[in-house]
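Novice: For what it's worth, the numbering used here labels the leading residue of the sequence shown as 221, then goes sequentially.
Calculated directly from the structure, the hints in this document are not laboratory data. Ideal Cβ positions, reconstructed from N, Cα and C, are used throughout, including at glycine. Any given hint might turn out to be false.
Stated by the list, open to error - Distance windows between CB atoms, simulated:
hint	residue 1	residue 2	range
1	305	247	17 to 23 Å
2	293	313	18 to 24 Å
3	282	256	37 to 43 Å
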Amino acid sequence: MPVDNPNVGVAFALVCGAGAATALGASVVFFPSLVKLASRRVLAAALGVSAGVMTYVSFVEIFNKSLGSFIDAGHTEERAYLYATLCFFGGVVAMLVRVTCHFAYD
221 MPVDNPNVGV AFALVCGAGA ATALGASVVF FPSLVKLASR RVLAAALGVS
271 AGVMTYVSFV EIFNKSLGSF IDAGHTEERA YLYATLCFFG GVVAMLVRVT
321 CHFAYD
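Taking the hints into account, I'd like the entire structure generated from these sequences.
Specialist: Written out as structure tokens, the structure is:
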């Protein structure tokens with residue numbers, strides 16, 4: 221099954237790099253001197269960065285699916301982008317209102 225996309229090499233290199241980074245990170249636990257170097261502050265920062273990246277990727281994917289759905293529904297690309305953006309930030313505002321009400325009544 222041939223692939224005609226010119227970005228296949230880049231994608232494969234990124235996958236190999238991600239696998240190597242995972243293996244390197246997992247191998248740290250086998251060296252006690254490296255475990256002692258990892259302070260709580262470093263681990264918390266690394267966890268925060270990884271959570272932020274995963275959240276960003278998820279939001280971008282959801283936004284693109286929303287944009288595609290509005291385009292498939294017959295809207296122009298400009299209108300679809302506007303509607304997807306309004307829906308996204310409308311959801312953010314709805315969640316903020318929900319959380320604020322939750323804490324206000326507890």
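Novice: Enumerate the violated hints, using their earlier numbering and listing them in ascending order.
Specialist: Of the numbered hints given earlier, the structure breaks just one, which is hint 1.
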